[in-house]
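Given the structure of chain R, go ahead and fit chain P onto it with the hints provided.
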Amino acid sequence: MKPVSYRDPSLTDNAAQPLLSVSDLSVYFRAGRKSSNRVVDNVTFDVARGETVGLVGESGSGKTVTGLSLLGLLPEGIAWTEGQIGFDGKDIGKMSESEMRRLRGRHISMIFQEPMTALDPVFTIGEQLTETLRTHFPMSKREARERAITALEDVGIPLPHKRVEEYPHHLSGGMRQRAMIAIALACEPDLLIADEPTTALDVTIQAQIIDLIMKIVSDRNTALIFISHNLGVVSQVCDRMITMYAGQVVEDSVTDEVLEQPLHPYSSGLLASVPRKSVSSSRLPSIPGRVPSPDAMPPGCRFEPRCTFAQAGCEAAQVLHRRADGRVVRCHRHDQLTLKGALT
Amino acid sequence: MSTPLLSVKDMRITFHVNGGRDQLHAVDGVSFDLASGESLGIIGESGSGKSTIARAVLSLLRITRGEITMEGKTIVTPQSPGKPGNYGVQIIFQDPHAALNPRSKIIRSLVEPLEIQGKGNASSRRDMALEMLAKVGINRALADRYPHELSGGQKQRINIARALLLRPKILVADEATAALDVSIQADILNLYKDLQDEFGLSFIVITHDLAVASYVSDRIAVMYLGRFVELGPSATLATKSAHPYTRALMSAEPEALPRRLQKQDRLVLRGEIPSPVTPPSGCRFRTRCPIATDLCAAEAPPWREMSPGHYSACHFAEEVMAGKPLDGSDKPQNLESVK
Numbered sequence: 001m002k003p004v005s006y007r008d009p010s011l012t013d014n015a016a017q018p019l020l021s022v023s024d025l026s027v028y029f030r031a032g033r034k035s036s037n038r039v040v041d042n043v044t045f046d047v048a049r050g051e052t053v054g055l056v057g058e059s060g061s062g063k064t065v066t067g068l069s070l071l072g073l074l075p076e077g078i079a080w081t082e083g084q085i086g087f088d089g090k091d092i093g094k095m096s097e098s099e100m101r102r103l104r105g106r107h108i109s110m111i112f113q114e115p116m117t118a119l120d121p122v123f124t125i126g127e128q129l130t131e132t133l134r135t136h137f138p139m140s141k142r143e144a145r146e147r148a149i150t151a152l153e154d155v156g157i158p159l160p161h162k163r164v165e166e167y168p169h170h171l172s173g174g175m176r177q178r179a180m181i182a183i184a185l186a187c188e189p190d191l192l193i194a195d196e197p198t199t200a201l202d203v204t205i206q207a208q209i210i211d212l213i214m215k216i217v218s219d220r221n222t223a224l225i226f227i228s229h230n231l232g233v234v235s236q237v238c239d240r241m242i243t244m245y246a247g248q249v250v251e252d253s254v255t256d257e258v259l260e261q262p263l264h265p266y267s268s269g270l271l272a273s274v275p276r277k278s279v280s281s282s283r284l285p286s287i288p289g290r291v292p293s294p295d296a297m298p299p300g301c302r303f304e305p306r307c308t309f310a311q312a313g314c315e316a317a318q319v320l321h322r323r324a325d326g327r328v329v330r331c332h333r334h335d336q337l338t339l340k341g342a343l344t
Numbered sequence: 345m346s347t348p349l350l351s352v353k354d355m356r357i358t359f360h361v362n363g364g365r366d367q368l369h370a371v372d373g374v375s376f377d378l379a380s381g382e383s384l385g386i387i388g389e390s391g392s393g394k395s396t397i398a399r400a401v402l403s404l405l406r407i408t409r410g411e412i413t414m415e416g417k418t419i420v421t422p423q424s425p426g427k428p429g430n431y432g433v434q435i436i437f438q439d440p441h442a443a444l445n446p447r448s449k450i451i452r453s454l455v456e457p458l459e460i461q462g463k464g465n466a467s468s469r470r471d472m473a474l475e476m477l478a479k480v481g482i483n484r485a486l487a488d489r490y491p492h493e494l495s496g497g498q499k500q501r502i503n504i505a506r507a508l509l510l511r512p513k514i515l516v517a518d519e520a521t522a523a524l525d526v527s528i529q530a531d532i533l534n535l536y537k538d539l540q541d542e543f544g545l546s547f548i549v550i551t552h553d554l555a556v557a558s559y560v561s562d563r564i565a566v567m568y569l570g571r572f573v574e575l576g577p578s579a580t581l582a583t584k585s586a587h588p589y590t591r592a593l594m595s596a597e598p599e600a601l602p603r604r605l606q607k608q609d610r611l612v613l614r615g616e617i618p619s620p621v622t623p624p625s626g627c628r629f630r631t632r633c634p635i636a637t638d639l640c641a642a643e644a645p646p647w648r649e650m651s652p653g654h655y656s657a658c659h660f661a662e663e664v665m666a667g668k669p670l671d672g673s674d675k676p677q678n679l680e681s682v683k
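So the protein sequences, as listed, match chains R and P. Counted the way the numbering used here counts, the first sequence spans residues 1 to 344. Counted the way the numbering used here counts, the second sequence spans residues 345 to 683.
In isolation and in its complexed conformation, chain P is listed as follows:
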């Protein structure tokens, strides 16, 4: 097997909270690889740690354990944090307006990263910027406008252009379409695909929207309380998920369908994501899991490969994959003891 473009190994990121008294592992032992040209979606609820992964991959915060390598070369360890922007990873954020300086013209925002990296001269930088604007579908006449004169969709395209100007190998999109209207979102998602074709770009798409993740990603990782609970090809997760949390997420997302075609057996999870400061023992999802047993409280489920490239961390992964009902109809009687 060839060396992956990006490899994250057993990464842990710890924050000190409550005045330094408590440790919060926002990401707790996450590993994944990203191949060149591949698109990986990371989904999960707020507080699951998905944006923390994004920031770590960008070296915007320090990791406390593990390492990140690019093309086999170690670039980030707890002892030597990487230099942001220096190794071919760029990011686009959720709020396209907040990411642009309101007092700078668009062209200024675009050439600044090139200046910092010492690329070309003033006129070649401007040319590069204008060319990139055209590639993301923005009329170059807008280059001399200010951000407030543009729509949200246009601003997000400009953020993408700016990220691409440094010729990254990986673009991280952190909820980059969450603030946009659906038709604008459709444009941006299409643009991702074009850019993937044109630049061979790899994507890490962080989103809470499953449909967005399935649409743009080759593989999807599902996160819960700082850990991956499932990872696999998008199509496999949609049809043969091997984790109850993934099933619940899929089930919770309403699809725009006539009533007669809507799922009748929608699985609504009880409760909310627990505090990451004191995660539940054993399987972290067990407090909300409709099929949890004593085993789930006693032992953390191992990360197992269910089929080639499809991993799950659930003691009952086989049964879930085989379509075990999750409404608790065949729930074992000892559930009370795990709560």
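Chain R extracted, bound-state conformation:
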């Protein structure tokens, strides 16, 4: 069966304009009665149509919260945002809940680390797929079911006509992740946000899922935001890599450029601390200290207390530098330092 045209005529399709444009996004979480913590701080980045962007950093760096805020999925009353999230020229932050619902699953989809918690255990895979489809497209039940079978087939699930009748617990971890991808991609969204989609999987299954995601996004020209702490996976999947630290973007460059020559000491430290098959016996360089907690952020550069290159000037708050070569970095020493990359 051939896929119907999912292209939404209301989309501008303006190549010059980025699909997603996040500017000065801050996310606050309530902490106690009167205070709040800013866990994402003035995050700014664009994603073009069809572009694959990695969002990397340690736990607590704000990558998942950034991803959730793009879909308006932050817990209401506890978290709120500032700044603009432009999607295809429209400001997501100003949308009503019903407008958001039309966007979610249709134009922006998300897949999560744990498919078992993201899938509803009391509905069959088919019911969950057809619900998504029928929410966004006028379709008969029978038509939606056929479409669901195709969607499962597209993600490489064997015997899809049988699987549509099965419940999530019938499937293995890798198959569940495929089913979740099928649901997220059923309406051919323009942007897919994947939050650690392979972290809970074995390497062999991870390799299958990575291949699947890469094939689908490139076939359909879907933009991808790939949230991961695994630099190896990101280096395979993503054209561009945004490194976050303590709620801020610290570097935004083409992936290969970061790997060869990172500009921020934190990107360099992350790369160095990954154990490699080829290297053994020597000590693994690690980053001393730990990520500051959101209620005790250093006033200046947030990485300064852990940075081996800190010197005078680092106690001041750091701004994002947009360099002539197009790379973006939050370190005032970016043109003085020659940092270690994946090969050095």
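Among these hints, one or two may not hold up.
Here are the simulated lysine to any residue pairs, SDA-like style, with alpha carbons at most 25 Å apart [what the hints assert, rightly or not]: (1) R:K277 <-> P:A666; (2) R:K277 <-> P:E662; (3) R:K277 <-> P:M594; (4) P:K537 <-> R:P288; (5) R:K277 <-> P:M472; (6) R:K277 <-> P:E411; (7) R:K141 <-> R:R106.
Hints listed in this document are in silico derivations from the structure and should not be mistaken for laboratory results.
Quick look at chain P alone, frame taken from chain R:
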């Protein structure tokens, strides 16, 4: 040859599943030795049986066949299970938080094993605990804190300190860094090496992360469906692997490298690990193996020594070792019949 510190001989561990109707051999005929001060990595996918081996070595579950000896002395047989914690083997688990009692201060969690073993008196136990905290790089001021006040990396160090307080000869790390961030993981892996130097400690490192295994282990055992498929020095497995499964694992793990240096011929295994209740006939890996033939379905491959200390269970070990392509380009035509 001197007596190994730990020796596991032809161990089988059986679980009864589906209401007792079926037998599942989670570990099915595994043998290995561990020398004093040595570090052995055990890698494999979920369901391969690696954590079951860990629990058996700790006597946390009963074995159904085989035996485990420590320094030549039999300590575990199917008839007489060993007493956990009594023969110099300790374990650290994946989730550092779940392994600590949330309602006890750190110091309490640390001295309790010493109390149970009847070591020293109250004040000497506290001193021993504080000293051990310093050795794993934890400020002794944290001893009177509760687990929730500490980070994951700190908690894992405390679990290591607690395990070491009973002066084990072997420390089993079951995915002990899997839940940690890379920079914290690097700290813990470095700590393993320090402890090995300082205490002459032996390690069994159970992990699904090949890079972690290669980094900390002298030798690596690769497990698939309850059996070892390959065992050998870490460097040999990385460069001259003699089993297609090991090659596939190595190939599947993405390295953080620029695109121009990434492997282009990445081998992605089809399918998933089969059910251990009804393992495939012959070689258990054959259903996913890109070079399987009729022979693989008919006969289980013998465990052969390919070079000193390097073992493989594959009918085509020599060819795999010589770099036979595994993309199926020279696959024999009779593959259909083995499926």
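Any hints from earlier that this structure breaks? Give me their numbers in increasing order, please. Failing hints, ascending: 5, 6.
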